[in-house]
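Colleague: We have chain A already, so just place chains B, C and D on it with the hints.
There are 4 protein chains.
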Amino acid sequence: MGSSFGTIFKLTTFGESHGVAIGGVIDGVPANIPIDMEAVQAEMDRRKPGQSAIVTQRKESDTVQFLSGIFNGRTTGAPIGFIIPNDDQRSKDYDHIKDVYRPSHADFTYEKKYGNRDYRGGGRSSARETACRVVGGAIAKQVLEKQGIDIVAYVDQVGEVKLSGAVDYNEIENNPVRCPNAVDAKRMETLIKDVRKAGDTIGGSVICEINHVPPGLGEPVFDRLHAELGKAMLSINAVKGFEYGSGFECISMRGSEHNDLFNEDGSTKTNNSGGIQGGISNGMPINFRVAFKPVATIVQEQETLNRKDEIVKMEGKGRHDPCVVPRAVPIVEAMAAMTILDFFLRNKTVQL
Amino acid sequence: MGSSFGTIFKLTTFGESHGVAIGGVIDGVPANIPIDMEAVQAEMDRRKPGQSAIVTQRKESDTVQFLSGIFNGRTTGAPIGFIIPNDDQRSKDYDHIKDVYRPSHADFTYEKKYGNRDYRGGGRSSARETACRVVGGAIAKQVLEKQGIDIVAYVDQVGEVKLSGAVDYNEIENNPVRCPNAVDAKRMETLIKDVRKAGDTIGGSVICEINHVPPGLGEPVFDRLHAELGKAMLSINAVKGFEYGSGFECISMRGSEHNDLFNEDGSTKTNNSGGIQGGISNGMPINFRVAFKPVATIVQEQETLNRKDEIVKMEGKGRHDPCVVPRAVPIVEAMAAMTILDFFLRNKTVQL
Amino acid sequence: MGSSFGTIFKLTTFGESHGVAIGGVIDGVPANIPIDMEAVQAEMDRRKPGQSAIVTQRKESDTVQFLSGIFNGRTTGAPIGFIIPNDDQRSKDYDHIKDVYRPSHADFTYEKKYGNRDYRGGGRSSARETACRVVGGAIAKQVLEKQGIDIVAYVDQVGEVKLSGAVDYNEIENNPVRCPNAVDAKRMETLIKDVRKAGDTIGGSVICEINHVPPGLGEPVFDRLHAELGKAMLSINAVKGFEYGSGFECISMRGSEHNDLFNEDGSTKTNNSGGIQGGISNGMPINFRVAFKPVATIVQEQETLNRKDEIVKMEGKGRHDPCVVPRAVPIVEAMAAMTILDFFLRNKTVQL
Amino acid sequence: MGSSFGTIFKLTTFGESHGVAIGGVIDGVPANIPIDMEAVQAEMDRRKPGQSAIVTQRKESDTVQFLSGIFNGRTTGAPIGFIIPNDDQRSKDYDHIKDVYRPSHADFTYEKKYGNRDYRGGGRSSARETACRVVGGAIAKQVLEKQGIDIVAYVDQVGEVKLSGAVDYNEIENNPVRCPNAVDAKRMETLIKDVRKAGDTIGGSVICEINHVPPGLGEPVFDRLHAELGKAMLSINAVKGFEYGSGFECISMRGSEHNDLFNEDGSTKTNNSGGIQGGISNGMPINFRVAFKPVATIVQEQETLNRKDEIVKMEGKGRHDPCVVPRAVPIVEAMAAMTILDFFLRNKTVQL
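So the sequences go chain by chain: A, B, C and D.
Residue numbers 19 to 370, in the numbering used here, belong to the letters of the first sequence in order.
Residue numbers 19 to 370, in the numbering used here, belong to the letters of the second sequence in order.
Residue numbers 19 to 370, in the numbering used here, belong to the letters of the third sequence in order.
Residue numbers 19 to 370, in the numbering used here, belong to the letters of the fourth sequence in order.
Chain A extracted, bound-state conformation (with noise of 0.2 Å):
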């Protein structure tokens, strides 16, 4: 009972990996939305296999199809049904993970918790799972365009190596890590083929900004704007820390560096807050940094757990992505978009 996320927008999501399909529900969507099914499809893109020489070469096409809720081009208030079918659902691949659990990833919890496993590509616990985040981000990003909304999320670390040369906004795209400046991009790049060719991974970590978000979205006290934030990022696989605006360098500081002193426009002159006081947002630019672990398989023989409690060897197959920062960029503005929508429209009843 964990597979919806949202309050009055809300998605729905069900699918394994290897599956007929994926899909899911998304229910709220305001009505006469005009839907561009063309960039539902390109954030698909962005984040789907093989786009790359430094991501999985798994084949997956990635199209979504949509089964209701939207009539001549325009939502229409009703829920709106969609699947993105399996290409490959061939389990045999599988079969030498089949009595296995692999280390640091969900196989061992998911048969605690659930007396079973889809031992498939993961199955439910496999970050395939995300594609339909993204169809309910670009849904959402569509209707936060109409209010002036718009969210920007790239890679800004990568093991040791962070962004340290000048933001471009027009280089994210420009480059296969998805990094705002061409020269870190490369630094980036060159360290993820490093780490493949070892048989290995590697972390990293994901900056979004949200720009033109009005005051007064966030719900207090418990369902403040950045908690959402936070518990949204951090139900994407493989996250491990969230901070916004002054983040964890906040510890260090005193008071008077870290208070964000007023313009008379109502604007701040800092943004420690990271566009969000006491949980609702203050006009100001929103930002926050996401942190993703190396993925768990290695092109490496390691010792692991079998269901017969005896440690046994084993060695990771398949094509996986070295780093998931580059993919987890449209997945981070997904689940961002659906947030702040969704407070968006529960702020839509404050005052009548």
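Because the hints were derived from the structure by calculation, they are not lab data.
A portion of the hints provided could be inaccurate.
What the hints assert, rightly or not - Stretches of chain D that chain A covers, calculated by requiring three or more beta carbons in the stretch to come under 8 Å of a beta carbon on chain A:
1. 28-37
2. 42-49
3. 95-101
4. 122-136
As the list claims (entries may be wrong) - Just some of the chain D residues that point at chain B, by a computed CB distance under 7 Å:
5. Asn324
6. Lys326
7. Ile329
8. Leu363
9. Thr367
10. Leu370
To be verified - Far from chain D by the CB rule (all over 12 Å, computed), these chain A residues:
11. Thr30
12. Asp63
13. Arg92
14. Pro97
15. Pro103
16. Asp105
17. Asp136
18. Gly183
19. Asp186
20. Ile190
21. Lys204
22. Asp212
23. Asp218
24. Gln320
25. Lys331
From the three backbone atoms N, C-alpha and C, an ideal C-beta is built for every residue, glycine too.
Modeller: Okay, now just chains B, C and D, sitting in the frame of chain A:
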């Protein structure tokens, strides 16, 4: 409509800093649990003002009155209603901020959202509200204890002073900082006092550990255990970041070093996972870290905005915490306890 | 976890018949609504015991104390917490039922469900809990009034005595039965008195009408307007049935006579629909009818079961209502008001 | 945002009458339950058009395709996604109603609410949507069966023809009306045929009985078992009323005759309570009755309103049911099954 936390074990709170009382309703408490009232009050006392020289000296008795749901010393299964009267309801102390938006406070955002503001001590945005969370957490802790689950939090950093010595859990409540090392605690205490003398405030961080959680807690894909823990922590006043297990350090790690290899008993040799895999507890200790910003109220003259869109000078009055982390420790524990108990209950229906 | 009602406008209640107090939290109240405290109390007085010769003569002052969410006479948008102290907490009156399950009361089912029972006056199962609903409803009514929506309920049947004369809305509060026809009211009053003299109780029914509801309220397909109204009414103590518009009479009607033909202004010539089509309000008056069973406590000797599985004799004590419908009228209105307001708010996000 | 039903066992549906497909997601299904696919399809067949001479002769295969959540014949605990393709997507049949609001249909209210309308066959307001409920109910039934709980519904009235003979449960599926008495079934069938010949439609009612429900299901005070059953039933197309146990007859009963006296084993001598006391099951059979209005589409000329606010003449086309109750029986059972299972799961957390 953001005043409730939890799915089955659900806390709903109300109340402003200077209203008649704050309070709440705890629904979904399992029946027939003996409640130790003194233990509840002891948790309240860990959070209350005036407990040491390094916290605010405001006068609040913080005595919780239970109104329902407990009969003959045991929970009945009916909702537990409770109130905590506000001893000091004088609002005249706040006349100076009636028409001013304090920097990095929620004054501006509340007014933008609601079209009004209870300016007395921050109203609903005041951290006074967290006292209700401690009540909910104290009840949750008593249920969890019967399941053998225990939770402990402590301060690991204040400003630039990090916990560097050995962790001694018995030391935590021995010093006013709630740091588990006496030497480090002293250094932190000194820093806090220095900062206060300068009329300033400082940030800090809290680590929380949860032991003996059975494998299986957490609900994929959106309600991952760490995603809800993250939301729980980010919903606490002044929190700017959350990480679990390897946290932000995972960014620069390789998969080969990050993977937690199994022992034959299903435990792991390392715990970069922080006790959670795929959003589900794996039986290892759960650990996470929370970043708190420096308190926004400083006893220095600052420029700020008033309701006429003028920049004016103001200086913080009143008796505020120079650093929130010592008092945040029981709040972190309370939110963790409610989150874990909620997932414990949700997990009861997964296998019949 | 069944103590909350509503989606956006949400009432959460707590409290037992003979505890310290009952109370609740109302979340999702729109901000800046002026609250007329006397009007709230007037609703409470319509429900309270001792108001006339045909209701229970128990002594309860039923004074509501608001603790939060209202500042300077207006709602702030923060949750409204409130309590209603229980004047009479004497539990010794209930020693005679401590070990006995009264027939057609909730004693048996509560004990089976929770493994315990607060036997004092029915504990949580007592209709005393409905006082909190009247508070929530009184707030909701004041919000609805500003939207031009009004709600009126009245008694249309007591035992076999049906409302047969003309409906005069001004008459409703003029007689202790709350029947909108003075002659019928007298007949009903006489019946109630006769039944009481016989130590017995009797059923009745209440009609509710909601006027000036705009078209568009209700959320297909599960949260149809009449489905939530039905749930709201069926959640009131002693309710056994709910029908709207043509209700159960529709069973023997033909489509050609049941269909409501349109006028040019979108209104309909008849109103078998009861103001709702496809689960959505159509702008016509909403009407429904609710059946209340005879009170289970009778002043006659009955056989019943005790906790040792023995059949024993018992006789009802205390001062109970011989018929609940006169006091049920404000409760029906309160639940209707909260339901309509919740849908009014939910509808705010359907079209941007 | 009204497309989901249930709290733990939760069905979310999507789809319009003439879209690509309808479908849904069932979340919260306990893991490791073997699923009998033929039994699921058999339930679908009980609802499908064309099954007998007295129901609509539309051509729909109603074949459900499961996409996830079932692996090796058993539930995995992951959400079950499914679709039911719409065989007939021809929308030209509906051009005649494109600009007309049919009387007592949802055309007018959908357009008022959403600002648009998928006019093809009623779109989202079509009873075609109930096919998804039957899928959810069929899964729920299989879980309940393992708990020994069984559910049976039947037609007890069509127009003025009431079930008057003895109830023979084995007879229900033997006749096209689904009446448990062969003689009464014949009379009902004759009436339905007569009504159809006249181009008219007729109402009816369905009784549902749920046996072997353990005591303790239901969540006071708002989520009473019968309140959720009532909501479940009232959410079905064409339902106008709900009563349980003594139902509307309780109005004219005395407490002394209405009270259900106990036997020593905790069962009761009568069952006016309908198996529910205080909103909680008491272990006796649960029973309730549901009123269905006559279908609004009649094959007679009627006046109606068009989008230009003109009164125009129209006549129903297409192949509609003259009476919905025969096909409503499996839908009533499905909604009952999901409701009971949801409460069964909710009750798992009440006592540890």
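Colleague: Each hint: holds or not?
Modeller: Against the structure, the hints:
Only residues whose C-beta sits within less than 8 Å of a C-beta in chain A count toward coverage, and the stretch 28-37 of chain D has 7 of them, enough to reach three; the restraint holds. Note: the stretch 42-49 of chain D has 5 residues with beta-carbon separation from chain A under 8 Å; the three-residue rule is met and the coverage holds. Coverage of the stretch 95-101 of chain D by chain A holds in this model, with 6 residues showing a Cβ closer than 8 Å to a Cβ of that chain against a need of three. Restraint check on the stretch 122-136 of chain D versus chain A: 6 residues with Cβ-Cβ distances below 8 Å, three needed, restraint holds.
The beta carbon of Asn324 of chain D comes no nearer than 40 Å to any beta carbon in chain B, farther than 7 Å, and the hint placing it at the interface is violated. Of the supplied interface hints, the one on Lys326 of chain D is violated, with its beta-carbon coming no nearer than about 40 Å to a beta-carbon of chain B, more than 7 Å. Among the interface hints, the one on Ile329 of chain D is violated; its C-beta lies about 43 Å from the nearest C-beta in chain B, farther than the 7 Å criterion. With its C-beta approaching chain B no nearer than about 4 Å, Leu363 of chain D sits inside the 7 Å limit, and its interface hint holds.
The beta carbon of Thr367 of chain D comes within 4 Å of a beta carbon in chain B, closer than 7 Å, and the hint placing it at the interface holds. This hint holds: Leu370 of chain D has a C-beta 5 Å from the nearest C-beta of chain B, less than the 7 Å allowed. Non-interface status of Thr30 of chain A relative to chain D is broken: a Cβ of that chain comes within 12 Å, the nearest being about 5 Å off. Consistency note on Asp63 of chain A: stated as away from chain D, and its beta-carbon is indeed over 12 Å from all of that chain's, at 22 Å minimum.
Residue placement check: Arg92 of chain A does not keep its beta carbon more than 12 Å from all beta carbons of chain D (closest about 7 Å). Not every CB of chain D is more than 12 Å from the CB of Pro97 of chain A (nearest about 4 Å), against its label as outside the interface. Not every Cβ of chain D is farther than 12 Å from the Cβ of Pro103 of chain A; the closest lies at roughly 9 Å, contradicting the non-interface assignment. Consistency note on Asp105 of chain A: stated as away from chain D, and its beta-carbon is indeed over 12 Å from all of that chain's, at 14 Å minimum.
Not every CB of chain D is more than 12 Å from the CB of Asp136 of chain A (nearest about 5 Å), against its label as outside the interface. At the 12 Å boundary, the C-beta of Gly183 of chain A stays outside the reach of chain D, the nearest C-beta of that chain being 43 Å off. The non-interface label for Asp186 of chain A is consistent with chain D: the shortest C-beta to C-beta separation is roughly 40 Å, beyond 12 Å. The Cβ of Ile190 of chain A sits about 33 Å from the closest Cβ of chain D, beyond the 12 Å cut-off, so the non-interface label holds.
Residue-level check passed: Lys204 of chain A sits 40 Å from the nearest beta carbon of chain D, beyond 12 Å. Even its closest Cβ contact with chain D, about 37 Å, leaves Asp212 of chain A beyond 12 Å, as expected for a residue assigned away from the interface. With a cut of 12 Å on Cβ distances, Asp218 of chain A stays outside the contact zone with chain D, its closest approach being about 30 Å. Consistency note on Gln320 of chain A: stated as away from chain D, and its beta-carbon is indeed over 12 Å from all of that chain's, at 26 Å minimum.
No Cβ of chain D comes within 12 Å of the Cβ of Lys331 of chain A; the nearest lies about 27 Å off, and the non-interface call holds.
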